[in-house]
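There are 2 protein chains.
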Amino acid sequence: MGQEGAQKRGPSTLPTSTAPNGGARSARSLLRGGAGNRQIHKTLNNIKITILCGLVTILVLRGTIGFGSLSSDNELENQAMIEETNRILAEIRSDKDPDDPEDNQNQPTINLNDTYTLGAKISNWDEERSLWLSRNQDFPNTVNGKARILLVTGSQPTPCDNAIGDHYLLKSIKNKIDYCRIHGIEIAYNMAHLDKELSGYWAKLPLIRRLMLSHPEVEWIWWMDSDALFTDMVFELPLSKYKDHNMVIHGYPDLLFNQKSWIALNTGSFLFRNCQWSLDLLDDWAPMGPRGPVREEAGKILTANLKGRPAFEADDQSALIYLLVTKTEWMSKVFVENSYFLHGYWAGLVDRYEEMMEKYHPGLGDERWPFVTHFVGCKPCGSYGDYPVQRCLSSMERAFNFADNQVLKLYGFRHRGLLSPKIKRIRNETATPLQYVDQFDIRHSAQETSN
Amino acid sequence: MGQEGAQKRGPSTLPTSTAPNGGARSARSLLRGGAGNRQIHKTLNNIKITILCGLVTILVLRGTIGFGSLSSDNELENQAMIEETNRILAEIRSDKDPDDPEDNQNQPTINLNDTYTLGAKISNWDEERSLWLSRNQDFPNTVNGKARILLVTGSQPTPCDNAIGDHYLLKSIKNKIDYCRIHGIEIAYNMAHLDKELSGYWAKLPLIRRLMLSHPEVEWIWWMDSDALFTDMVFELPLSKYKDHNMVIHGYPDLLFNQKSWIALNTGSFLFRNCQWSLDLLDDWAPMGPRGPVREEAGKILTANLKGRPAFEADDQSALIYLLVTKTEWMSKVFVENSYFLHGYWAGLVDRYEEMMEKYHPGLGDERWPFVTHFVGCKPCGSYGDYPVQRCLSSMERAFNFADNQVLKLYGFRHRGLLSPKIKRIRNETATPLQYVDQFDIRHSAQETSN
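If you read the protein sequences in the order shown, they are chains A and B.
For the first sequence, position 36 matches number 36 in full-length UniProt numbering, and the numbering has no gaps at all.
For the second sequence, position 310 matches number 310 in full-length UniProt numbering, and the numbering has no gaps at all.
Next comes chain A alone, as it looks inside the complex (with noise of 0.2 Å):
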């Protein structure tokens, strides 16, 4: 990363103040000459200061912008190039259309008494998606006998603030392509923004909706978030225990109705089955979204009426317990989850899994070999998480290299460390490769158990 080398050049030196010595005894003599020779003996010394004041201008300029021979080639071209890239981001995301007259308005123009949608109202959507479903039976809502997944993820369209962020998003989204493609999932990566009232974390209710009605096909969707990692490969959504339900989320009774507590559930990895009630509930759950006043206003009710919940604008997280508590008509089809970590908060995780591979193995899902590690505050993204960055970098390391671990077996690999890139074999190669893909492929496992 070549803009590390402007930013640590030392203070330049600065010349000594001695003048050079030919000027200095020409002055003396002439000093000797009287009231003549004072002023010239004052002249002399301005042109001394100004010498000394343009040296030391130039040393600055060089310290500064590079001028001189200073930086090698190199420098200054990665210098160019670094500042060639960053005028092209600054270009992408700064991007205004001056003919679009959504740029121009900053003010939102939500009523705070009105009711927020998120689109047309729609009533009937379990008939009409009944009856699409009987009509297009090349698109059936199950695949290979299981109800039909789509997993929703996705992180902000220009690149993160820290460039580290994007590293592990990729990592992140790699680590989700394995999982879904060992357990036949579809996955939606969104990069757009589809509401601009409804930003940041609550980007996700205007996706989901739209998801859902464009893919009638798709009996569950599965939002995670993009700092959520899949840390048991082996692991399967028990769907038989939520045939009566239609959300499934992790999260605790007891902290949500005895003590509405702001971390109740985690609305960084749950399921909505695609059908009425849940679009009712995203139309129901809206409403704190809306960026601006709405969204402030309805922090302050948030922060008065849950548990532990620090003073900030509306997040979904809260809104979304906050619905639950107060209208509790909709727990009828809400399955609180906590007997696996579909979502695991990583703090308490990510030092034991050594301890994990020792003791237990995959499919487990829960403390014994997490489902799911969820790196909630590290925002490696952004400017500032809530923890010092080494933690959060390393750990996230480890859960994504404990996981690899687990889809390498089938090939014959594994890390060297869980900090380490590099892979070693734990097998050696064989002229009959079939015998390990019997053994090692995880799909292969799954089809065992559930017959």
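Check before you lean on any hint, since a few could be wrong.
Since the list gives no way to pick out one identical chain from another, each pair is judged satisfied if it fits inside one copy or across any two copies.
Stated by the list, open to error - Below 30 Å or equal to it, Euclidean Cα-Cα: the simulated DSSO-like pairs (lysine-lysine) are:
hint, residue 1, residue 2
1, K409, K307
2, K379, K422
3, K121, K422
4, K424, K196
5, K409, K146
6, K300, K121
7, K424, K327
In short, the hints are calculated from the structure, not lab data.
Fit chain B to the supplied structure of chain A, relying on the hints for placement.
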């Protein structure tokens, strides 16, 4: 990206050379007093110069290291975070295991006279695979009547040298996820070096072999570079054309056999059937790959024999071309495809996207609407590409959005412009969304085409 601030500071303002009036008057009176006064006057001058230099020193320090109140807390915090990140990156990148003899080898132990092999020799793969498929009916080599394809791509396990590189790797894999979801293709994203000797562009060979042997259910392995994007989301591979072939690669027979040009074929996007023939070709292809003297020497042979090839170590593409023109018996099963852009060289395509949108439509796959746009030579992940950075980045952004528009159409959106991350509606919200599913879901159109 907070690094910009420190670099763009201008030269510090230097104080003027005028001494304070009070000091000058006192000096003059003293001078009238004679020689003793002259000494005092000189001393005062020295003090003036010292103060001046001291002030300038402080300004230089503030300008270069942010000493004092010029740097806000935010900048210092950013700086600390960047340094911490870089330290961790260096640690991850420089991972060395002192107990591993492999890490201590400086020279490869390949004998130039040996024939390099990718692994244990397998001679009965067709029979073994066929038997396995018959015993594992749950893992057929077809999906919805189409041959099962595994798209393989990947990138280095460590962060890119250029920060923007990871962002475009992320966009590139999202692009591939979209195409593969629409067309029922599985993805394997590789971030591991399976073979130390076959590094860099050669790494795809051991990877392809390993995946073939570990996934007998896969009929075609489709390698695609990370710098290649799908730009026709409708076009499907005409697999029936290849029923008698085992390799499909973009290229030009004239360039290949008559001119022996080093760019006659492109290994940035090609298909291998999962069969014995492919294993044998990989074995015949690999020997020029091992890094060090073998690859260097092989590079000289390739440069001497292939038209237009610059002098550099052996690359996989040149080696394949050389193999096919010298051992022409391989050609009976190689399909050199140029009726559509299985690989489309970006420079001649990216400026015509608007014209394409105006005149043509997705599904053509050729120069009118390229199937794949391949950013050969841009190398956004590395430090130095063959083209200006601005040209590459903005062109990749355009290609990405050109493709994304085709995906977003189902959801009712498109990008505001090909350089814009922002999207806008292309149709109004509706209470009857299923009409658009029938009309715009690409998979439904594909279904109709094949019926």
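Problem - Numbers of the earlier hints that this structure fails to satisfy, in rising order - result: 1, 7
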